[in-house]
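K.L.:
Below are the chains, spelled out letter by letter.
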Amino acid sequence: MSSSPIHLHGKPLNLADMLARRQQGYSLEAPFYTSREVFDADMEHIFGKHWIYVGVEPDVPEPGDYVTVQVGEKPILIVRDDDGEIRAFHNVCRHRGSRLCADERGAVGNLVCPYHQWTYNLQGQLLFAEHMGADFDPSKHRLGTVHLKNVAGLLFICLADEPPADFEELAATMTPYIAPHQVANTKIAKQIDIIEQGNWKLTMENNRECYHCTGNHPELTISLYAYSYGFAPTPETDEGVRRYDAMVAERHAKWESMGLPSAEVDRLDSMISGFRTQRMPLDKTGESQTLNTRRACNRLLANFEDGAIGGLSFWTQPNSWHHFMGDHIVTFMVMPLDQDRTLVRTKWLVHKDAVEGVDYQIDNMTAVWDATNAQDRRLVEESHLGVKSPAYRPGPYSPYTETLVEKFSNWYINRLSAYIK
Amino acid sequence: MAAAPLPDFNMAEPALWQPGTDDTLECVLVRDETHDVKTFVFRSQQPRRFRYLPGQFITLELEINGAAINRCYTLSSTPTRPDTVSITVKRVPNGPVSNWLHDHMQVGQTVKVLGPSGEFSCFLHDRPKYLFLSAGSGITPLMSMSRALTDLVLDRDVVFVHSARSPADVIFAREQQALARNNPSFRHAVICERAGADRDYAGYQGFLSLATLSNIAPDFREREVFTCGPAPYMAAVRKILEAAGFNMQQYHEESFAFETLMGGAEEAQPPAAAAGEGYTIRFAKSGDEVRCAPPQTILAAAKATGMRLASSCTQGLCGTCKTKMLSGQVDMKHAGGIRQREIDQGFILPCCSVPLSDVVLDR
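Going down the list, the sequences are from chains R and C. Just so you know, we're using the UniProt record's numbering here: the first sequence kicks off at 1 and counts up by one. Just so you know, we're using the UniProt record's numbering here: the second sequence kicks off at 1 and counts up by one.
No lab work stands behind these hints: they were computed from the structure. Quick caveat, the model's predicted, so the values are computed rather than measured. Beta carbons: idealized from backbone N, C-alpha and C, even for Gly. Heads up, a few of these hints could be off.
[To be verified] Here are the simulated lysine-lysine pairs, DSBU-like style, with alpha carbons at most 35 Å apart:
#1 R:140 with C:285
#2 C:129 with R:352
#3 C:322 with R:149
[Said to hold, decoys possible] What follows is a list of derived Cβ distance ranges for each label pair:
#4 R:363 with C:333: 29 to 37 Å
#5 R:299 with C:51: 46 to 54 Å
#6 R:184 with C:346: 52 to 60 Å
#7 R:299 with C:47: 54 to 62 Å
#8 R:306 with C:324: 31 to 39 Å
#9 C:306 with R:197: 37 to 45 Å
#10 R:197 with C:346: 26 to 34 Å
#11 C:284 with R:285: 41 to 49 Å
[Said to hold, decoys possible] Where chain R lies over chain C, by a calculated footprint (3+ residues, C-beta under 8 Å):
#12 309 to 322
#13 331 to 338
Could you put the whole structure together from the sequences, leaning on the hints where they help?
P.N.:
Shown next as structure tokens:
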């Protein structure tokens with residue numbers, strides 16, 4: 001891939017050159033958002049070689065439960081086997097390639113191709129293939145396996161033959177943060193898919209800053225402290241910052257004493273499996289990301305007695321973010337569809353014994369993020385329309401409120417550069 | 001194929017063959033009986049001993065030209081030699097299964113088998129005297145009974161009258177002679193339509209008649225009669241016996257699992273459990289009803305009557321035939337093709353379900 005036939009407004013460009021000349025602290029050149037060739041490189045190298053977030057353990061609560069996810073042109077099947085182990089396979093029959101499971105989710109006994117009924121067990125072994133003759137050796141036709149890691153209930157897959165090893169560090173660091181929320185003991189109260197008419201990197205960049213929050217997210221900012229995502233300091237902000245920092249210190253001490261790790265860990269662009277986490281105070285009652293900051297579900301997660309444990313946020317490169325609260329969890333997966341379209345999948349998780357209409361009202365629980373997703377979608381789509389213009393030039397990120405955007409872009413440029421010479 | 005190890009007769013007997021568990025048999029010998037009849041001898045893949053009533057049939061589950069075909073064959077073997085079973089098959093013009101067996105079944109090949117099953121056996125009717133009447137490959141269940149009676153030295157008086165087209169078509173001719181030598185109370189006779197190429201043939205010619213029967217077994221009215229052969233032959237036998245004032249309570253016939261002798265081109269459709277035998281399977285949507293006699297599965301019974309149900313593996317693996325059972329009870333031995341929660345919701349796999357009662361399916 002030394003010279004890619006990438007064009008910008010009719011002129012050929014070289015991806016390696018584009019990567020090499022990326023100016024730190026600035027947004028990316030237009031073809032990174034608009035070109036099919038860059039998209040193909042993204043799918044091959046970013047989504048094809050890194051650990052990507054695909055779902056949660058409650059997607060497959062029982063043996064035989066499966067979910068499917070489409071990664072570029074690769075249909076993937078995630079299934080819980082009879083030993084309770086969660087496994088990922090290429091959702092492609094070893095006979096003539098048909099997808100085994102066409103539905104987004106379901107339950108199976110064995111995995112049976114609907115085309116000619118080739119039958120695999122949930123470990124991927126071919127059990128049955130009719131009419132193949134005496135010389136046919138089923139053991140030579142296993143389903144293609146895909147690496148899968150379960151991080152305290154969050155499911156990540158890697159399509160590379162040899163996945164990045166530093167994911168172990170992510171898992172080791174994050175497990176104590178996430179485990180107290182007991183993801184495996186939750187159920188999916190609701191899942192919403194939206195398709196944004198924009199490049200996936202615009203979706204991710206938008207997620208990595210709250211510069212836009214005050215002007216666009218009146219619902220979300222009810223529970224968010226203005227100081228939690230960075231700001232340009234002025235004499236007027238000093239007093240507020242001091243009080244916010246003191247509160248964070250005091251809450252962190254309290255939460256840590258409750259067995260809830262809270263301190264910030266930021267490896268967004270210092271690891272191949274980049275991530276960041278922090279348990280953040282929520283405003284007012286401090287319980288949940290709702291319109292009144294009170295818990296949306298009366299049946300708290302795990303064995304929490306105190307609902308006011310703020311929100312544990314977890315960001316991963318290249319495609320997810322998550323908010324764990326005392327009463328529910330909101331988790332987001334980003335999946336590129338093509339250079340101009342991106343799937344954003346949001347799941348709300350509650351304690352598996354919580355009863356809808358009794359312990360929680362689903363509209364109340366989803367109100368903040370339904371609104372915020374719709375607002376973010378408009379922001380991404382407007383950005384995408386703008387970066388396609390010849391008038392677009394990479395612009396400078398705020399050194400105060402867009403440091404995490406810079407880390408996303410920096411990570412992306414570094415990771416792609418590792419493969420594009 | 002590696003030779004099977006010699007058995008160690010000092011060891012305890014191997015377990016009994018279990019239909020459903022040991023459902024695969026391996027062909028270990030193909031023997032020419034006549035110019036168009038072969039015997040296929042099968043052994044279990046694990047050391048197993050077969051136990052069945054002489055006269056019973058097994059059901060072969062075959063894949064022929066992409067179609068799943070089940071065919072019942074009475075066993076010609078005897079349970080007194082329990083390590084193998086055999087079927088004896090006559091080639092039939094246009095008979096898809098018999099010709100396929102003749103052309104493709106070889107030593108080393110495996111076949112899936114259901115059974116044994118059936119009620120056609122002199123061992124269910126203990127009498128001092130029997131008359132066995134057979135035509136063509138209908139000889140097989142009666143041969144099984146004769147071998148068993150002889151091996152066990154049971155001292156039952158047997159007259160065995162076999163009808164064939166010509167001397168060259170007489171199946172087990174030399175073994176019948178051997179039975180007669182080894183068993184003083186066993187007599188046999190052959191009736192051929194014509195002498196054919198055998199200029200020396202001096203036996204009975206033509207068809208079975210009251211006169212011939214009275215010659216061979218003047219005391220036939222005292223005997224329990226077991227008849228197996230093509231439908232026209234059995235109809236003729238019934239007519240002769242009824243006309244002779246025979247007590248038809250002493251008459252038994254096998255109504256399937258042979259191939260036509262008298263030039264009929266089509267093989268008889270297999271089992272279709274005899275009316276009254278087994279359970280009724282009703283398909284609620286189509287309104288179809290079939291009889292299913294254990295150990296036959298619901299799928300096998302439905303297929304045997306010509307019904308088309310989506311299915312594939314027939315082993316409970318793939319779940320293709322999964323169906324809601326609206327009422328009834330089955331014994332289901334699946335292999336992972338269905339989840340317990342589906343079973344709890346009332347679903348079954350007809351391919352591996354044997355009815356324990358009448359059953360209604362949502363199909």
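K.L.:
Using the Cβ atoms, figure out if residue 284 of chain C sits within 41 to 49 Å of residue 285 of chain R.
P.N.:
Check failed, 57 Å falls outside 41 to 49 Å.
K.L.:
Lying within 37 to 45 Å: is that true of the beta-carbon distance residue 306 of chain C to residue 197 of chain R?
P.N.:
violated (55 Å)
K.L.:
Tell me if chain R covers the stretch 331 to 338 of chain C under the three-residue, 8 Å CB rule, please?
P.N.:
Our answer is that it holds, as 5 residues pass the Cβ test (under 8 Å) against chain R, meeting three.
K.L.:
State, for the Cβ atoms of residue 184 of chain R and residue 346 of chain C, whether the hinted interval 52 to 60 Å holds or is violated.
P.N.:
violated (30 Å)
K.L.:
Quick one, are residue 322 of chain C and residue 149 of chain R close enough, alpha carbons at most 35 Å?
P.N.:
holds (33 Å)
K.L.:
Under the criterion that the straight-line Cα-Cα distance not exceed 35 Å, is the pair residue 140 of chain R, residue 285 of chain C satisfied?
P.N.:
violated (41 Å)
K.L.:
Falls inside 26 to 34 Å, the C-beta gap from residue 197 of chain R to residue 346 of chain C?
P.N.:
Since the Cβ atoms of residue 197 of chain R and residue 346 of chain C sit about 46 Å apart, the hinted range of 26 to 34 Å is violated.
K.L.:
For the stretch 309 to 322 of chain C, count the residues whose Cβ lies under 8 Å from any Cβ of chain R; is that count three or more?
P.N.:
Per the Cβ count (7), the hint holds.
K.L.:
Does the structure keep residue 129 of chain C and residue 352 of chain R at a Cα separation of 35 Å or less?
P.N.:
Measuring from Cα to Cα gives roughly 74 Å; hence the hint is violated.
K.L.:
For the pair residue 363 of chain R and residue 333 of chain C, does the Cβ-Cβ distance stay inside 29 to 37 Å?
P.N.:
At roughly 48 Å between Cβ atoms, residue 333 of chain C and residue 363 of chain R fall outside 29 to 37 Å, so the hint is violated.
K.L.:
So does residue 306 of chain R sit 31 to 39 Å from residue 324 of chain C, Cβ to Cβ?
P.N.:
violated (48 Å)
K.L.:
Is the gap between the beta carbons of residue 299 of chain R and residue 47 of chain C within 54 to 62 Å?
P.N.:
The hint (54 to 62 Å, Cβ to Cβ) holds, given that residue 299 of chain R and residue 47 of chain C are roughly 59 Å apart.
When the structure is compared with the earlier hints, violations turn up for hints 1, 2, 4, 5, 6, 8, 9, 10, 11 and for no others.
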